[in-house]
Amino acid sequence: MNSFLTLLHRETLGSWRQGGSASMVVIFYFMTVSLFPFGVGPDSQLLATIGGGIVWVAALLAAIVSLDRMFALDVEDGSMDLLVLTPMPLELLVATKALAHWLNNLGPVIVITPVLTLFFNLSGEGFTTLMLTMVLGTPALSFIGAIGAALTASLKRGGVIIPLLVLPLYIPTLIFGAGAITEALNGSAVETSSLLYLAAISTFSIALGPVAAAAALRVTME
Amino acid sequence: MTATRQNTLQAVGFTCIRGGRTLFAGLSFSVQPSKALIIKGANGSGKTSLLRVLAGLLPTEEGTMQWRGKAGKPSNVLNDEIHYLGHSDALKPYLTVQENLKIWGGLYGGEIKLDSAAKKTGVFPLLEIPVKFLSEGQKKRVNLARFLTTPKSIWLMDEPAAGLDQEGRTLLARLIRDQLGANGIVIASTHQELGIKGAKTLTLGIKKGAAA
Numbered sequence: 011m012n013s014f015l016t017l018l019h020r021e022t023l024g025s026w027r028q029g030g031s032a033s034m035v036v037i038f039y040f041m042t043v044s045l046f047p048f049g050v051g052p053d054s055q056l057l058a059t060i061g062g063g064i065v066w067v068a069a070l071l072a073a074i075v076s077l078d079r080m081f082a083l084d085v086e087d088g089s090m091d092l093l094v095l096t097p098m099p100l101e102l103l104v105a106t107k108a109l110a111h112w113l114n115n116l117g118p119v120i121v122i123t124p125v126l127t128l129f130f131n132l133s134g135e136g137f138t139t140l141m142l143t144m145v146l147g148t149p150a151l152s153f154i155g156a157i158g159a160a161l162t163a164s165l166k167r168g169g170v171i172i173p174l175l176v177l178p179l180y181i182p183t184l185i186f187g188a189g190a191i192t193e194a195l196n197g198s199a200v201e202t203s204s205l206l207y208l209a210a211i212s213t214f215s216i217a218l219g220p221v222a223a224a225a226a227l228r229v230t231m232e
Numbered sequence: 313m314t315a316t317r318q319n320t321l322q323a324v325g326f327t328c329i330r331g332g333r334t335l336f337a338g339l340s341f342s343v344q345p346s347k348a349l350i351i352k353g354a355n356g357s358g359k360t361s362l363l364r365v366l367a368g369l370l371p372t373e374e375g376t377m378q379w380r381g382k383a384g385k386p387s388n389v390l391n392d393e394i395h396y397l398g399h400s401d402a403l404k405p406y407l408t409v410q411e412n413l414k415i416w417g418g419l420y421g422g423e424i425k426l427d428s429a430a431k432k433t434g435v436f437p438l439l440e441i442p443v444k445f446l447s448e449g450q451k452k453r454v455n456l457a458r459f460l461t462t463p464k465s466i467w468l469m470d471e472p473a474a475g476l477d478q479e480g481r482t483l484l485a486r487l488i489r490d491q492l493g494a495n496g497i498v499i500a501s502t503h504q505e506l507g508i509k510g511a512k513t514l515t516l517g518i519k520k521g522a523a524a
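Chains as they are written, first to last, in my numbering: chain A, 11 to 232; chain B, 313 to 524.
A couple of the hints might just be wrong.
Unchecked claim - Taking lysine to any residue and the SDA-like style, the derived pairs with C-alpha atoms no more than 20 Å apart in a straight line are:
| no. | chain 1 | residue 1 | chain 2 | residue 2 |
| --- | --- | --- | --- | --- |
| 1 | B | K385 | A | E232 |
| 2 | B | K414 | A | V94 |
| 3 | B | K414 | B | K382 |
| 4 | B | K352 | B | N495 |
| 5 | B | K425 | A | P97 |
| 6 | A | K166 | B | K425 |
| 7 | B | K382 | B | S342 |
Rather than coming from a laboratory, the hints here were simulated on the basis of the structure.
Let the sequences and hints guide you as you build the complete structure.
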């Protein structure tokens with residue numbers, strides 16, 4: 011428990027002190043989303059329709075840009091060797107790092123999302139569903155992303171390959187995340203099923219992501 | 313006598329093949345508690361690979377380790393009792409020396425003896441300074457402090473003297489002697505003389521790779 015908290019603390023310090031990489035992720039997310047109203051034009055009906063999808067796509071990209079730091083920096087400076095040698099099982103270590111990624115990078119993204127919904131004229135129902143999907147679905151982004159981050163951990167320019175590996179795996183999360191919002195806006199009653207699928211994807215990736223990522227790390231570190 | 317034999321670290325038949333090249337095959341050696349093993353050999357003879365194999369960081373084709381009544385793969389036998397010093401400093405430049413040491417101490421578990429570790433290695437005045445302002449030698453000393461912060465039985469050190477000044481090398485020799493005095497085991501690869509009396513030497517690069 012103590013080592014879990016120490017690692018969480020270490021990752022948090024890394025996210026915020028290292029040139030404030032976590033704050034860069036929020037700014038990136040904010041800017042990406044706010045570009046769309048400029049590009050699409052001030053059609054409030056259209057913006058309300060596409061808003062949920064845009065917010066979700068931007069959240070995926072925000073997760074992607076912060077993934078390359080999850081393991082690569084530790085492999086580069088030799089910390090990964092020492093982390094492997096701690097009494098902590100590698101799977102738990104990876105899970106802690108993924109959790110820290112979610113808290114520090116996607117946590118602020120979720121917090122800032124209500125401000126962004128102002129751009130999209132989302133109704134009360136749509137807003138509630140959007141926030142629910144974000145909370146339920148974004149853990150999957152960190153825990154699936156950990157696999158891509160682990161596979162590219164020892165590559166010098168791994169950051170470019172991560173999107174190619176990880177984005178296809180994000181598609182189910184995106185479908186159910188954005189889908190739930192559309193259903194809510196159409197006033198259809200089936201929205202809970204999308205939310206349940208989203209929660210299922212997150213649970214599934216929290217359970218299996220660390221195992222797969224730990225196996226990937228063992229291979230890449232040789 | 314049996315206790316000593318049980319606590320003797322025995323490596324039997326280790327083989328390491330990297331990139332299709334056999335670095336060592338059928339390598340066997342033993343290290344008694346309170347003894348040091350110095351690994352020597354030319355560049356590329358597999359000193360680092362051997363240390364990484366012993367630490368469990370590199371898988372080995374063959375080889376069994378015996379220690380404290382356990383036998384098996386190095387990672388299963390020595391796990392949780394190793395301190396490893398590699399070529400990289402493993403310190404975060406944006407954290408202070410103290411924060412770095414506290415984090416490693418917390419992750420390695422057990423009682424953290426940060427102040428005494430910092431005093432013994434001469435990094436006490438540096439505790440509040442971010443690691444990015446430290447020299448290579450100072451970073452090495454911080455890593456030695458990391459070893460002392462949470463005591464472990466086995467020290468695996470890859471070129472521990474590299475980057476250290478004369479005073480630092482004297483310090484290193486003293487710390488190794490203390491570790492041996494506390495019934496620990498030190499396995500170090502080096503090109504320089506470390507000044508450890510009674511240390512065994514294992515020279516890599518000889519075809520059959522036997523311990524001297």
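Hint-by-hint comparison with the structure:
no.	hint	in the structure
1	B:K385 x A:E232	holds, 16 Å
2	B:K414 x A:V94	holds, 17 Å
3	B:K414 x B:K382	violated, 31 Å
4	B:K352 x B:N495	violated, 23 Å
5	B:K425 x A:P97	holds, 18 Å
6	A:K166 x B:K425	violated, 36 Å
7	B:K382 x B:S342	holds, 14 Å
Hint violations for this structure: numbers 3, 4, 6, all remaining hints satisfied.
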